[in-house]
Amino acid sequence: MDLIAGLIQTSILAGGVLALAALGEVLAERVGVVNLGVEGLMAVGAITGIATVVAVPSPLLGFFLALLVGLLAGMVFAVATVYVRANQVLCGLALTLMGTGLAATIGKAYSGMPAPATFAPIPIPLLSDIPLLGRALFTQNILVYLIYIILPLALHYLMFRTRHGLDMRAVGENPAAADAAGIPVQQIRFWYVSAGAALAAGAGAYLTLAFVPSWSEGVVAGRGWIAVALVIFAGYRPINAVLAALLFGLITSLGFVGQARNWPIAAPVLSMLPYLGTIALIIVPVLAWQKVRRMMAAPAALGEPYFRDVR
Amino acid sequence: MPFRIQRVPSAQPAVALAARAVAIILALVVAGLVLAASGANPIRLAGQVVGSTVGSTYGLEDVGLLVTPLILTGLAVSVALRIGAWNIGAEGQFYAGAFAATGVALFVPGPTIVMLPLMFIAGALGGLIWILIPTLARAYADVSELITTLLLNFVATLLVYWVATGPWLDPSGRALATTAKLPHEVPEFWGIVHWGFPVAILLTVVVAAALNYTRWGYEVRIAGSNPSAAKYAGMPFRRHLIMVMLLSGAIAGIAGMLEVAGTVHRLQGGISNNFGYLGIMVAVLARGSALGVLAGAALMGVILNSGIILQTQGVNVSTVLAITGLILLFTAIGDEAAHYRITRAEPANG
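First to last, the protein sequences are chains S and R. Residue 11 is where the first sequence starts when you use the working numbering, and the numbers rise one by one after that. Residue 894 is where the second sequence starts when you use the working numbering, and the numbers rise one by one after that.
Please note: incorrect hints may appear among the correct ones.
[What the hints assert, rightly or not] Have a look at the derived ranges for each label pair, beta carbon to beta carbon:
#1 S/Q269 to R/K1074: 25 to 35 angstroms
#2 S/L136 to R/L919: 57 to 67 angstroms
#3 R/Y1233 to S/Q269: 33 to 43 angstroms
[What the hints assert, rightly or not] Calculated cross-link-like contacts (lysine to any residue; reagent style SDA-like; alpha-carbon spacing at most 25 angstroms):
#4 R/K1124 to S/I293
#5 R/K1074 to S/A276
#6 R/K1124 to S/A65
#7 S/K118 to S/A65
#8 S/K118 to R/Q941
#9 S/K118 to R/A929
#10 S/K118 to R/A924
Since the hints were derived computationally from the structure, they do not count as laboratory data. Here a beta-carbon is modelled for each residue, glycine too, at the ideal position from N, C-alpha and C.
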């Protein structure tokens, strides 16, 4: 039983990275912009987090600075893709290359250094004493509650229960109609893409301040790309995205358990699991249920820049 | 207003080329300013870079060695783009090709004259198999090939790392984390540049000719620019998509085979040197033309080699990755900017 509780606790911790990054990508893709720079944004957020706590031992400050740096990088990306309307795939790849390269350059000085201050798990009184699952669910760092409960519910409410959310989705589905209805298409795209980038960088800081917790080159290890894939799997819905991330946390922690228990499988092979799992999960449901394809469809204008005068 | 800015559907080639040049120069200037801010002397560095890349025979040989895989990964990405598919997985197919070729070289006995072609085929097959699932998923379930090919990169990297440190580890015990030296090598062609270089150019020319001068190539290009028109005209879109993507994977696999058999001679983790990702750069710079692939690969080869030179000057190798990203961003912006022209506004009629 201890094994299962430990597995769930690690799954939640590991899934948090993907959940936060995926929530950011949901924001960008819902307004019609594919941001493939998540991997680079996470790297930048990860190094910002570490560099901050080395200077000032406050993980919260590190997390907020990472959000801020992500927001600024996201604004550069948003200017290029929303206002200049440059190719989104190329700009995203460029952001990934720049972020990964820049983070690795800055990170040389911090390599292998454990984070001097981290988000420590805080047991919630009473709840954490529940037998079996209490410790797994309620002895977590504070970001976990933000990522798994507050953010997805807030975003779900915003996107599906408010007038503004309707505008937002209209921008992603049919920008020309939204524009005709007086919705500021470019402005909405700009701010949600930037905010999504901030969350991606925040996910990087979560990685180095709560999960790993240290910096090494390649610490992001494709998690940004898994997050992008999860958004597809989750049908562009925030609550689904968080649940999907939790599932991937489980796959990751299975790998950890395998290594710790000396399963007769080599460590690099176990490390392949999250990537192979992601591929299986975005292919299999579509093959199994044709209906899923329509229900979980991408926003209709995803990836297409909007030109008011060219229609 | 006497002047207005107008967007044209397709940019004029001269304007596009000029925008490209401005973008690349601007990106390099920004990179130079950042380097200067971090205490380096960019002018002195630039002098050294030019001197030790295109300014000397040794430099040119180094560049030639780097250009070989870049031509092939660039061609792989470029071919897939022709039919509208993003093969971001050239990196993984490169590893898979190197892995398959190494397996054949290490475990099949035979004379080099027979083994090199066999390894070549194994490399192509390795890359092809690596892109098979993303291809079928795209063709039959419309699953984004961009994500699936990319995720397989991590699997391929781990696979090569695993065999090079585990099952295929050099039994002599002298080398760490690499396989034994391959018994067969691609012979040298010019200085340290091996025969993979002319092979890569030849392959590019053949593929370009097939795309430009055959019925198949014509249908692929139509399918890429307008899939519904292609389907309406009765062209077998799905078959073309599958063939082109598999071809793309095979080319990237060949790049991996040539790298392991021509340059590195041992399979090891990190053997790809990001060639797969840089291939995306090359393909973007090429704008869908084969000659463009050669030019793009040459430019990336010089940049990559500059990175190696800069490393000896204390500049981190990752910085080069960041500079590459900067060039890509500026190029993407420049490409869009080339679509605009300033015209004298016509007086409104009525």
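Now the hints, each set against the structure:
no.	hint	verdict
1	S/Q269 to R/K1074: 25 to 35 angstroms	holds (31 angstroms)
2	S/L136 to R/L919: 57 to 67 angstroms	holds (60 angstroms)
3	R/Y1233 to S/Q269: 33 to 43 angstroms	violated (55 angstroms)
4	R/K1124 to S/I293	holds (24 angstroms)
5	R/K1074 to S/A276	holds (24 angstroms)
6	R/K1124 to S/A65	violated (60 angstroms)
7	S/K118 to S/A65	holds (16 angstroms)
8	S/K118 to R/Q941	holds (24 angstroms)
9	S/K118 to R/A929	holds (19 angstroms)
10	S/K118 to R/A924	holds (19 angstroms)
Going through the hint list in order, the structure does not satisfy hints 3, 6.
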